[in-house]
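**Student:** Chain order of the listed sequences is G and C. Everything in the first sequence is counted per this note's numbering, starting at 1 for the first residue and increasing by one. Everything in the second sequence is counted per this note's numbering, starting at 1 for the first residue and increasing by one.
Everything labelled a hint here was simulated from the structure, so no lab data went into it. Careful, some of the hints might be misleading.
As the list claims (entries may be wrong) - DEER-style ranges, computed between Cβ atoms:
(1) G/H69 to C/G528: 46 to 52 Å
(2) G/Q101 to C/S355: 24 to 30 Å
(3) G/H69 to C/R499: 54 to 60 Å
(4) G/P132 to C/Y428: 42 to 48 Å
(5) C/F481 to G/Q169: 35 to 41 Å
(6) G/L139 to C/F481: 53 to 59 Å
(7) G/A250 to C/R429: 49 to 55 Å
(8) C/G358 to G/Q169: 50 to 56 Å
(9) C/H146 to G/L183: 40 to 46 Å
(10) G/D143 to C/A677: 36 to 42 Å
Unchecked claim - Below 20 Å or equal to it, Euclidean Cα-Cα: the simulated PhoX-like pairs (lysine-lysine) are:
(11) C/K688 to G/K213
(12) G/K41 to C/K426
(13) G/K41 to G/K204
(14) C/K444 to C/K369
(15) C/K369 to G/K204
Owing to the predicted nature of the structure, the values given are computational and were not obtained by experimental measurement. Where a beta carbon is used, it is the ideal one built from N, C-alpha and C, also for glycine.
Below are the chains, spelled out letter by letter.
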Amino acid sequence: MSISAKKDDSLFESEPYYEAQGDEITLFEAAYKNHIPILLKGPTGCGKTRFMEHMAWRLKRPLVTVSCHDDLTASDLVGRYLIVGGETQWIDGPLARAVRQGAICYLDEIVEARKDTTVVIHPLADDRRVLPIEKTGELLKADEHFCLAISYNPGYQSVLKDLKQSTRQRFIAIEFNYPTTNLETQIVVQETGLDRDTASMLVKYAVMTRNLKGNGLDEGASTRLLVHTGKLIMSGIDTRVACRTAIADALTDEPDLLAAINELGTALF
Amino acid sequence: MPLTTAELERLLERVLDPVLSSRRTVSESATSLSQCTEKSQQFALQWLKIVCATNAELGYRFITNVAAAMSRMDLQLVEQWVVNALDIYDQSGLYPGTAALIEIDTFIKHSGTHRQAVKLKQERELLGRYLQGLSGRNMQIRSSSHPHTDTESVYLPEVINYFSDRKSNRLVLKAMATHLWGMNRFGTFKRATPDAPGLEQRLSELPDNANKMSIFHALEAERINACISRELPGLKRELNDLSGIPKHDATWQTAIDVLSLPTSTIDDTLKWTRLFLKRRIPLTNSKPWHGSIDIHAAEQASKQRLDKDKTELAKLIEELIQKLDAENSLISDETDKELQISLDNQSEDEQMELSINGEQVQMPPELRKKLEGMLQDLAQIPDEWLNANNNSEESPGNESEDLDLPAELPNSDPVFYYDEWDYQRKHYRKHWCTLYERQIAPGKSGFVDETIAKYHTVVGDLRRSFEILRDDPKTHKRQPFGDDIDLDAVVEANTDMRRGEEMTDRLFLKTQRSDRDIAVMFMVDLSGSTKGWIVDAEREALVLLCEALEVLGDRYAIYGFSGMTRKRCELFTIKQFSETYNESIKQRIAGIKPRDYTRMGVTIRHLTALMDTIDARSRLLITLSDGKPDDYDGYRGDYGIEDTRKALIEARNKGIHPFCITIDRQGSDYLPHMYGAVNYAVVDDVRKLPKEVSEVYCQLTR
Ligand SMILES: Nc1ncnc2c1ncn2[C@@H]1O[C@H](COP(=O)(O)OP(=O)(O)OP(=O)(O)O)[C@@H](O)[C@H]1O
Ligand SMILES: [Mg+2]
Numbered sequence: 001m002s003i004s005a006k007k008d009d010s011l012f013e014s015e016p017y018y019e020a021q022g023d024e025i026t027l028f029e030a031a032y033k034n035h036i037p038i039l040l041k042g043p044t045g046c047g048k049t050r051f052m053e054h055m056a057w058r059l060k061r062p063l064v065t066v067s068c069h070d071d072l073t074a075s076d077l078v079g080r081y082l083i084v085g086g087e088t089q090w091i092d093g094p095l096a097r098a099v100r101q102g103a104i105c106y107l108d109e110i111v112e113a114r115k116d117t118t119v120v121i122h123p124l125a126d127d128r129r130v131l132p133i134e135k136t137g138e139l140l141k142a143d144e145h146f147c148l149a150i151s152y153n154p155g156y157q158s159v160l161k162d163l164k165q166s167t168r169q170r171f172i173a174i175e176f177n178y179p180t181t182n183l184e185t186q187i188v189v190q191e192t193g194l195d196r197d198t199a200s201m202l203v204k205y206a207v208m209t210r211n212l213k214g215n216g217l218d219e220g221a222s223t224r225l226l227v228h229t230g231k232l233i234m235s236g237i238d239t240r241v242a243c244r245t246a247i248a249d250a251l252t253d254e255p256d257l258l259a260a261i262n263e264l265g266t267a268l269f
Numbered sequence: 001m002p003l004t005t006a007e008l009e010r011l012l013e014r015v016l017d018p019v020l021s022s023r024r025t026v027s028e029s030a031t032s033l034s035q036c037t038e039k040s041q042q043f044a045l046q047w048l049k050i051v052c053a054t055n056a057e058l059g060y061r062f063i064t065n066v067a068a069a070m071s072r073m074d075l076q077l078v079e080q081w082v083v084n085a086l087d088i089y090d091q092s093g094l095y096p097g098t099a100a101l102i103e104i105d106t107f108i109k110h111s112g113t114h115r116q117a118v119k120l121k122q123e124r125e126l127l128g129r130y131l132q133g134l135s136g137r138n139m140q141i142r143s144s145s146h147p148h149t150d151t152e153s154v155y156l157p158e159v160i161n162y163f164s165d166r167k168s169n170r171l172v173l174k175a176m177a178t179h180l181w182g183m184n185r186f187g188t189f190k191r192a193t194p195d196a197p198g199l200e201q202r203l204s205e206l207p208d209n210a211n212k213m214s215i216f217h218a219l220e221a222e223r224i225n226a227c228i229s230r231e232l233p234g235l236k237r238e239l240n241d242l243s244g245i246p247k248h249d250a251t252w253q254t255a256i257d258v259l260s261l262p263t264s265t266i267d268d269t270l271k272w273t274r275l276f277l278k279r280r281i282p283l284t285n286s287k288p289w290h291g292s293i294d295i296h297a298a299e300q301a302s303k304q305r306l307d308k309d310k311t312e313l314a315k316l317i318e319e320l321i322q323k324l325d326a327e328n329s330l331i332s333d334e335t336d337k338e339l340q341i342s343l344d345n346q347s348e349d350e351q352m353e354l355s356i357n358g359e360q361v362q363m364p365p366e367l368r369k370k371l372e373g374m375l376q377d378l379a380q381i382p383d384e385w386l387n388a389n390n391n392s393e394e395s396p397g398n399e400s401e402d403l404d405l406p407a408e409l410p411n412s413d414p415v416f417y418y419d420e421w422d423y424q425r426k427h428y429r430k431h432w433c434t435l436y437e438r439q440i441a442p443g444k445s446g447f448v449d450e451t452i453a454k455y456h457t458v459v460g461d462l463r464r465s466f467e468i469l470r471d472d473p474k475t476h477k478r479q480p481f482g483d484d485i486d487l488d489a490v491v492e493a494n495t496d497m498r499r500g501e502e503m504t505d506r507l508f509l510k511t512q513r514s515d516r517d518i519a520v521m522f523m524v525d526l527s528g529s530t531k532g533w534i535v536d537a538e539r540e541a542l543v544l545l546c547e548a549l550e551v552l553g554d555r556y557a558i559y560g561f562s563g564m565t566r567k568r569c570e571l572f573t574i575k576q577f578s579e580t581y582n583e584s585i586k587q588r589i590a591g592i593k594p595r596d597y598t599r600m601g602v603t604i605r606h607l608t609a610l611m612d613t614i615d616a617r618s619r620l621l622i623t624l625s626d627g628k629p630d631d632y633d634g635y636r637g638d639y640g641i642e643d644t645r646k647a648l649i650e651a652r653n654k655g656i657h658p659f660c661i662t663i664d665r666q667g668s669d670y671l672p673h674m675y676g677a678v679n680y681a682v683v684d685d686v687r688k689l690p691k692e693v694s695e696v697y698c699q700l701t702r
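Just need the whole structure built from these sequences, with the hints factored in.
**Tutor:** Following this line, the structure appears as structure tokens:
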């Protein structure tokens, strides 16, 4: 079982750094107030997880994150009986725990989970706001403050993993994209301590790789990759080397593409 | 100081006097040589004497071509070019010797077999990707002996053999591609408004002078160099390391310094050109990567593109407004929507913001891309182009609808009728298209085996990756029997038992082949435009695909489509779902041939109907195409695209997942609108098509 929920579900003490791309904060708050679950769409590494952390801090709720994978079963989410000291004891899964304590539950990459798993969130995600726990017979009513958010990367992926209409139509969707150039530069500066000029060159490089998307490249360099590159540079790695290892080689193995991406890199740095 | 035209003319006349006449002068040669550096002039004059010592006529031919040769090669190579011509003259006489001097291209190409030469052919793909990375607009790379750009393509020489080492020659090619891209990116051909005078006209208003174009180009090229240096410091550093790049005199340097300021535009270049012409400043040396300029071609292409962009912009705006209206997300609901796009070009990268009636709205990516593209042609987009209610009335798509082409007769083939969507009427045209299901005449029988032999490594790779898909074993938990014990289940059963509940018998893990339940239909474009290697690649792609799909066990069907007008849409059955992959199917693949046009909507509707009879968990319809929908009777442009889009929506509503694989590099301009942002793949090289089709399928269903 690999569930990466924070064990103590504690509150964030300091503000997680987040630069808003548009009106996503207002939207999220409005949805939260109205008990509407939220679907975050967007390419990898564009700040979805960071946004959730920021919102949890803003709304002063604990955040429970579950990274979904194709082996994730319903009981991994809801909970199971375990034997504790010779006694059987019901242990809540991360979802049930969030529902009970009124936390924000974030199911990352929901399409990776098995289809039958997705169904357990249906009664939670409409106006019933309940989680039926089959095993104990309990019909868990969600706490007033509970909030469900899921993420989904509609990028180049298997059609077999499309999000079902009956699932997606329960959510409001907030679309994320890579931030505008200035904003992204600011993020890289803030996250790595790099100077503005180098940071803006990194962003330029990322934009170039994003231009290549679709013609052989599935995704361009994400903000996350830029942050990695920036950190390498700050640790004294040569800029060109950092770009090659943290951006070019991280993006693709295909020699032709790699040559083109490196060619762009040499022109820039 | 380089010699002036008059000085040169006198010198040349003296040397070449015996072969000159009133109709045969050296004035043109003198003019072109006057634009060369002093060093180059000395070189030419010295060699002129040597050649004349052999033959005066050959000397005349030499001097008429040497300026061109020096602009294409460094002096070392120019020397080889003369010596080569002299050798040929010695062996074969005057005529072949003269030819060797005239055919500079041939010499460069031939000398291109030298190790240090760089051939465009080998670098083309890399440079294509490189340019794509640099800019939003898709620039094609083509070859031409005088490198230039027409704003749609970048024309590069077939061989670069300027330096005596390969690395430097590669760099020149890359710098040249970048430079020509830079002319587009940094506004050489940019106009203030669509009606503002173009560059050609503005130049014609400057004082006349034989050097006008060369002076203008040299100044503008330096401005572009500076822009590129700011944008790509890495390239600048590499170019600075090149040796033997000519320097400028003080007058030129002053002009270049001013033009290198970030605020300088084409207007400044024109001002300096006027000044230089007035003061009769002689030309300076151009750098090996500057290429040349073809203003006429560029303005022609840019004009055409703007017309197209204007209608597409109107459409995108209308779509945006419709979407916002549907979402009710606009506060004011005035019917008159006034769009405003504010550009913040204070900052280095232009930030665009969109507001409607003063309310700021998020700009959809396609709209942003379109505007960014247009802003390479225009400094400002006219307000009326942004006005949502100013839908340009286009002529209807089917102006020639009553074209009476006889359907091919006799026709015993099955016939079907389909509606077609008319986006302007916003209604279907009933029973508009007639579709015939046709047979394919079998092709030669060895084709499939030959293809497999040709691609045997690829076939092996594909088989392996498809096997992984197939064998991707799924472990099912909580099974009543299986290969292993499910610990989670046992623990749970134990707790149940202790709590006095019934213990389940579902305690096992069972590993099972994944239950892929996929039916896929391939729809192959057989339009006339696929003639040649595209259809060859399609044939091969189908062979590889069948091999791979047989491994996988997915159900599949393949159809070709083409036609001529709505009265004769044709569907060619290559393999039905019910057929097994056998010899006659192989012969049908071998037998596919390019036909007429591409009416996509009707084909999609027909295949959707066929697919609807198939029961599978996932159903895919994959189109292989080489361009936009297009038919003889006006089924093109928006009309064709909108009908195809509608047909795809119909398919999606039936639970079919459409996807498109295209070799049209412009595909990303219109495919997102038809298929959705992620449901297409552009294969940028036909040669890769055979392999890519299977790989895309693999990705799509993994
Ligand atoms: N708007 C933003 N504000 C602050 N930091 C950001 C922002 N966007 C991206 N980042 C940086 O990028 C990194 C990656 O973002 P994050 O992990 O949130 O991506 P994600 O969208 O969750 O990706 P995935 O889909 O792969 O999980 C963050 O750790 C942070 O450093
Ligand atoms: Mg994340």
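**Student:** Give a verdict on every hint.
**Tutor:** Okay, the hints, checked on the actual structure:
About 49 Å separates the C-beta atoms of G/H69 and C/G528, a value consistent with the hinted range of 46 to 52 Å. Checking the proposed 24 to 30 Å range against G/Q101 and C/S355 shows it is violated: the Cβ atoms sit about 43 Å from each other. At about 30 Å, the beta-carbon gap between G/H69 and C/R499 misses the expected band of 54 to 60 Å. A beta carbon spacing of about 46 Å between G/P132 and C/Y428 agrees with the range 42 to 48 Å that was offered as a hint.
Restraint check, C/F481 to G/Q169: a C-beta distance of roughly 39 Å satisfies the suggested window 35 to 41 Å. For G/L139 and C/F481, the Cβ-Cβ distance of about 33 Å falls outside the hinted range of 53 to 59 Å, so the restraint is violated. Here the CB-CB span from G/A250 to C/R429 is close to 51 Å, well matched to the stated 49 to 55 Å. Our hint of 50 to 56 Å for C/G358 and G/Q169 is violated, since their Cβ atoms are close to 33 Å apart.
For C/H146 and G/L183, the Cβ-Cβ distance of about 43 Å falls inside the hinted range of 40 to 46 Å, so the restraint holds. Taken as a hint, the range 36 to 42 Å holds for the pair G/D143 and C/A677, whose Cβ atoms sit roughly 37 Å apart. Taking the CA atoms of C/K688 and G/K213, the gap is about 17 Å. The hint holds against a cut of 20 Å. About 31 Å separates the Cα atoms of G/K41 and C/K426, which puts this hinted pair outside 20 Å; it is violated.
Using a Cα cut-off of 20 Å, the hinted pair G/K41 and G/K204 is violated, with the two alpha carbons roughly 24 Å apart. Among the hinted pairs, C/K444 with C/K369 is inconsistent with the structure: their alpha-carbon atoms are about 47 Å apart, more than 20 Å. Under the criterion of a C-alpha separation no larger than 20 Å, the hint pairing C/K369 with G/K204 is consistent with the structure, at around 16 Å.
Consistency note: the structure conflicts with the earlier hints numbered 2, 3, 6, 8, 12, 13, 14.
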